[in-house]
Amino acid sequence: MINAETAGIIVMLIGLYGLISKENPIKQVLSINVVSLGLILFFIGAGYVEGGDFPIMPSNPVDPLPATLMLTTLVVDVAITALALAMILRNGGEWA
Amino acid sequence: MIAVLVAIPLLFAFLTALTIPLRMEKYARYLFLVGALLPWLAYLLMGEGSEVVGGWPRVGGIEVALDIYSSLLVLGELILFSAVALYSVTYFKKEVKALILLLLVHAGLLGTFISRDLFNFYIFMEIASVSSFALVGFSGEKRAIRAAYKYLMLSLLASYFFVFSIGIIYLKTGYLNLELISQVSPSTEIRAAVALALASLLLKAGIFPLHLWLPDAHANAPSPVSALFSGAVVKAPAYGMLLLSLYLPLPESLRNALLVLAFSSMFFGVGAMLVEGDVKRFLAYSTVSQMGYVLLGIATLNPLGAIYYAFAHMLFKGGLFLSAGAMVDKAKARELDKLSYRGDILLMVSTIMLSLAIGGIWPFVGSPAKAALLKGLPYGRELFYLAGMGTLASFTKLNYYLMKGRGEESGTLALPSVMMALAALLAGFSLGGSPKAMDVYLLLGGAVLFLLLKASGLLEIRLEKREITPGDVNLGAALFALFLLLLLHLSQG
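Sequence order for the protein chains is B and Y. Going left to right, the first sequence walks through residues 1 to 96 as this note's numbering numbers them. Going left to right, the second sequence walks through residues 1 to 493 as this note's numbering numbers them.
Worth flagging that the hints you see were computed from the coordinates, not collected in a lab. Heads up, some of the hints might be wrong.
What the hints assert, rightly or not - Straight-line alpha carbon distances no greater than 20 Å define the calculated SDA-like cross-link-like pairs of lysine to any residue that follow:
no. : chain 1 : residue 1 : chain 2 : residue 2
1   : Y       : Lys172    : B       : Ala67
2   : Y       : Lys454    : Y       : Glu467
3   : Y       : Lys172    : B       : Gly45
4   : Y       : Lys142    : B       : Val78
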């Protein structure tokens, strides 16, 4: 069994491959989203503790910090995806 | 209290945005100017030092600092942004949205330059770059939007890998604070993380050969925005590299690779400038070349040299872009042979002063900055002087073209560039440069080199203007992947 961190790295690399090989801008935006999902998986895996408790008044908590960091990254992600798609739209039918 | 520096432009960005729904757009420019200039007051009132925001212990809080490294960059950013703001209020008369985005870049940059915490650094760098993506495409021209798209994709890819490297460091040390990270003994994983972070920051700083996005983005942005980009936005990732070199170990092999990259960036930029006929692309390639100098300071573990050069580059490149902007916006053309500063004596004097500053001639700010870099350079001084001569030759070319022809009076548009030229002169004196015989040799060498190249007809070569296609993103991503592997390999060697 692979752990979440390794799986995250693999997903990131798949996204990187997409960005290298796909010429369609929509697919490029999707690829960069795959990279970010891999990153999020990596961080969530990093905070996970086997059999850990939720981090409110805990005895053996999981690490909540990576999850909060990823919330911030997700916000950036949403904003950028919208911006990239808007730019593709502005290019008319030529790119899509 | 240091965090107030960032809070002011952020608050005023919000207030400026509020004028749109309240239908009070005519007041937006005043709010913008207050937001742009009020951080000066905060900066001047604050002493040097560091603090954890909210008074938490270091482990749980976010540390910000205003020490010798940060304060010089913050000062440079404040000077540049004041000039850019002055230009912007006349340039963006009706577009309140551009003013909001500019204030966000301002906040992002100030936040980046004071941060001592990896994730906080990333967030502020990202605030600055996300606003930059939107600003590049602001004019709505097809070419500008395509340049913005390319910049967005490549920069974002690098950002994700940077966050990934932060994740590795956090996983291994349990800290995000750089001071605390530096106390943990380095392991294989941390060295790998440093390599990943460096590769990402190299792309974001526009170092050759990962510079693909830079000339397009910086040349197609609106004039004041170009000045802010070339002057300050590329310094944010450079500051990140500096933080890494200050707090984490850089293996010898990695430093050598950075040294090679720095020199190749310096020479590539000069070569591209000599054959470039578009004034804004010319200056953008010059940024690629000048970022090589900053990287040189980082690669030779000479943080003060890197900071001095970054500060100097903020002043003269920002100023040059502003003076180019004044000419371009009057003539509505970007080709060198259609532009001239002959109509405006102020613009002419300030452009020549800034050209001398970028060549590192006393008494301008480039001179002490180059001296500081040379102090840390163990070998390769001849290459360093050669690159300086190339820079002077290409700026002789710029001034040669601008001397010819007939231009119009720029009026108030010339003022920001005059401000920057005076700042470059004053900063040169206060950083304590001294006149050197080398300056004269370099100036003469640059002029002779220019004349030789002109006589040989090499300057007549014009690169064909290429369309920006999604294929560029593929190329950039492939190069980035290659660099990731290369630096990873070197970090373990």
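*Can you give the numbers of the hints that this structure goes against, from lowest to highest?*
Failing hints, ascending: 2 and 4.
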